[in-house]
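Going by my numbering, the sequence shown runs without a break in its numbering and finishes at 960.
Quick caveat, the hints were computed from the structure, so don't treat them as lab data. A hint or two may mislead.
[Said to hold, decoys possible] Below are the DSSO-like pairs computed for lysine-lysine, each with C-alpha atoms no more than 30 Å apart in a straight line:
1) Lys291 with Lys609
2) Lys917 with Lys552
3) Lys553 with Lys696
4) Lys555 with Lys604
5) Lys552 with Lys595
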Amino acid sequence: MMKKKKKQKARVEAGSGLQKIRLGYLSADLGEGRLREWLPMFFTAYDAFRYEIYAYHTEMGGDSSRFAEKATVREVGTCTPEEAAERIRRDHLDLLVDLSLDAVSAHHAAVIQQRPAEHIVSLAEHIPAGLAVRLPMVEGQEVFPYCYTQIEEKTAYTYRPPLLDAGIPTIGVSGSMTAGESSHFLELLSYLLPAIGDVHLVLPASIAGALGAEDIEQIAARGSAGSSLDFVDELSYDTLDVMLGLSVDLVDVCRAAEHGIPLITAEHLVRDRYAKKLLCQLELPPRCDVQGAAAACLALCADRERLSAYHGLLRWRLIDFCDAGAIQFALERAYERVLAQGDGRTAAALSDGLARAASRQDWDAVLTAAHQLDGYDALTAEQRMSLAWGYYFRGAAPLAARWAMSAQGLPADREGARLYLSVSGIVPGTQNGVFERVQHGLKCIEEGLHVVPEVRAALLKACVDQSPADYDPEQVSQYAIAYAREAADSFLQRVYYGAGLMKLNAADVSAQEVYEKSLGYGALFADVRPCTHQGRRKKDKIRIGYISGDFRQHVMQYFIWPFLAGYDANAFDVYVYSLGKSDQYTDFFKTLVTKWRDLSAHERDMERIAREIHADEVDILFDLAGHTAGTGLAALAWKPAPVQISGLGYMATTGLPAVDYFVTDHCCDPEGSGSEELYVEKLLRLTSQFCYNGYTNLPAPTGTPARGRGYIQFASFNQYQKFYDPMLRAWQEIMERVPQSRLLLKNNAYAKPGVVQSAYERLQRLGFDMSRVQFECATKDYMWRYLDEDIALDTFPWPGGGTTCDALYMGVPVVSYYTERHSTRFTYSILANIGLSDLASTSLSDYVETAVALAGNLDLLDALHRELRDRMKASPVMDQAGYIREMEECYHAIWAKWESENKGLSAGISSCQTGVRCRSSREGAEPPARDGAGAFVSGGTPVGTA
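From just these sequences and the hints, can you work out the full model?
Structure, rendered in structure tokens:
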């Protein structure tokens with residue numbers, strides 16, 4: 015009894031009924047060990063309502079600080095086992111977990127033998143008897159406790175088997191082998207080498223060092239005359255087709271998969287059960303014996319399509335499997351079972367306590383009692399729902415969703431609540447998986463499941479938030495607008511109606527349909543009373559206001575720059591209304607303008623934002639975001655400024671009658687095209703609606719890479735959600751007509767679980783040779799990656815904007831397709847303004863012909879790579895001084911028009927004695943330049959700055 019009281023006192027209390035468990039991890043790999051990339055999950059993905067985390071680093075060297083962000087890290091590498099145990103003991107742990115993989119080291123064993131915690135678990139494959147307990151099963155399933163996390167950015171993988179180009183397979187060997195252990199390896203080769211024909215076998219030092227001269231002679235004798243045997247210090251993964259595994263562990267399997275190399279082995283050659291589990295998840299189950307492994311290797315090398323699929327998908331299967339939230343959820347449930355051992359309480363008593371806590375809605379007490387009851391493996395479906403509601407009301411939506419999903423078998427009248435919790439907030443799982451769950455819920459409602467209206471609304475909202483990137487955008491638009499009509503919150507009504515319009519622009523629908531749907535947005539503000547501008551003071555300068563959530567590192571930073579850095583301070587004051595997060599770009603932008611207002615704390619209260627703008631007596635208010643995320647467009651409904659403009663960030667009419675003008679150009683909306691009929695706004699046509707601010711410190715393009723590489727590399731760095739099957743079929747035809755060409759698809763979407771697997775299957779269905787397609791996540795070297803590309807393929811009906819400018823600036827010509835609809839013509843406008851309108855086509859067949867012809871003319875392609883940056887700099891697209899001068903001419907004209915039409919509303923002329931600093935006081939200040947990774951660097955001036 016006394017011991018239990020002491021244990022309860024040691025736990026950290028949070029709230030009336032929540033007691034945190036002190037959980038410690040013992041590891042030698044926090045600094046620089048082999049297992050380091052499998053450790054972050056333990057220290058970042060844990061349930062912070064339930065656990066307080068400690069880490070004990072038992073080795074010296076390396077950097078363990080990354081694990082200290084959400085945990086207490088103790089460096090005990092210089093301690094004796096007794097000293098380390100005493101240090102752990104002083105932290106009053108409830109549970110200590112040894113993170114060894116294969117065997118518990120002698121040092122860890124000596125520490126654990128001191129019994130520094132009441133409960134001790136080891137994750138090692140081999141645990142000395144009586145030293146520590148293994149993880150118990152959870153609901154009959156063994157828990158996989160590790161999650162791979164990239165600590166350093168890695169993008170390269172062998173997406174294309176070298177065999178396809180070399181003609182013979184290259185096989186490497188992974189793992190370890192000591193002297194006298196070569197028999198299994200030699201036996202495997204005795205089955206493999208005589209049957210495979212010509213092969214290139216590569217042995218790293220960890221394997222070759224255990225082979226004697228006779229062993230090597232025996233291997234050489236079994237190979238064909240056209241085979242070769244190489245010895246290397248370390249394997250070069252980009253040269254390998256297949257790997258054979260000898261005494262491999264989890265780390266070996268992970269490294270092979272990370273590089274896209276299938277690893278084939280036999281069960282007795284795998285050192286730990288976690289490696290076996292991962293191999294099965296990667297669809298590479300260990301074979302029964304070495305003969306079976308040899309047969310599997312032979313079959314794979316003979317099946318080039320299957321080999322290509324492994325190379326293309328293994329890396330992404332690894333990412334998909336490593337769902338930190340799901341793994342940690344199961345792991346912590348196993349911990350509860352360890353903590354329950356010897357607890358002394360009964361499941362009945364805990365169940366009664368949980369019921370009392372739930373009845374008084376003491377959610378902290380609910381969390382504590384329910385988890386303790388789960389330790390007894392005794393949680394009912396209803397009790398799991400109580401736990402889910404506990405997390406929901408404590409603001410932990412992902413955990414609420416996980417517990418709700420586990421509450422199978424509820425009565426029908428409770429199923430609605432389970433559906434609601436399973437999709438609310440940040441939802442766990444892949445987008446495809448979540449979307450299927452949401453669709454199932456909507457189907458249940460259609461078939462008669464009785465739910466309150468909030469449940470259907472939550473499901474509709476999730477259809478938008480969780481829609482897969484390749485799902486029909488027109489259908490997602492319908493979900494968004496349906497949710498907007500059912501949402502009780504006016505802010506969400508406006509946001510999701512706008513999101514529906516944004517999605518509609520990604521669909522191949524008519525401009526008339528976009529216009530008609532857009533009118534519904536204006537109807538959301540029918541009850542708004544606009545601001546009055548009676549009695550306005552006439553000022554010496556025209557006051558311009560810019561509103562957006564994108565005054566930060568964002569694609570719009572390219573195009574916002576001229577408005578803030580190039581305006582005529584003698585004629586204009588510039589006020590900025592920022593609704594987004596701040597970063598280093600924000601901090602610099604603040605120094606450029608007359609007045610900066612950070613209104614991000616009020617992003618849900620557009621009426622208040624409108625009042626702030628109105629109080630500032632802004633003359634012309636320019637919304638730079640339209641219906642994109644984080645927009646302030648809704649504030650314009652209150653008409654806080656006499657003249658209001660939208661444009662740049664969005665590609666169609668806002669649908670808001672309070673907006674007077676829309677900024678476009680002569681290419682996107684030509685005179686006489688009838689475009690005016692598709693806007694509620696009047697059109698302001700510029701020479702180019704976009705003005706690009708290029709990076710500095712980037713190398714100049716030196717010619718097309720195809721000359722040295724021997725094949726054309728097509729690329730699309732556009733968002734995956736912009737991909738449209740008819741356009742993808744055009745890409746497939748282009749690649750088919752340009753032999754040996756490759757395609758790089760690079761975007762941050764590919765880092766999300768399940769996206770590459772889905773995209774791979776989609777492209778495969780459309781006929782792509784997937785051995786020529788590479789996926790890549792967004793990286794810091796984004797701009798440099800263009801130097802490896804020959805031709806960029808634009809998307810349709812939602813083309814590039816920032817990505818088009820980036821490609822052209824880095825010397826990569828962009829091939830585009832457009833129609834009469836404004837939103838399809840962005841790239842065409844940019845190309846026309848740099849004198850390359852021939853690269854944009856009005857039919858898909860011409861689009862294909864243009865790409866094929868350009869790929870076949872290396873002289874022209876080479877010249878374009880060398881000349882494009884200079885073309886950009888000399889064009890209206892990068893003429894920042896000319897651009898802002900043209901824009902300010904529009905400001906003068908539309909303000910003069912308003913004044914002439916509203917004589918008598920102004921109340922005299924104010925002198926410029928407002929205390930606002932004059933622009934001239936800061937003239938001569940040189941803006942910091944940006945490098946290609948988006949960071950500010952010392953010295954230099956952004957390209958194109960006048």
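Hint-by-hint comparison with the structure:
no. : hint               : result
1   : Lys291 with Lys609 : violated (59 Å)
2   : Lys917 with Lys552 : holds (11 Å)
3   : Lys553 with Lys696 : holds (25 Å)
4   : Lys555 with Lys604 : holds (20 Å)
5   : Lys552 with Lys595 : violated (34 Å)
Consistency note: the structure conflicts with the earlier hints numbered 1, 5.
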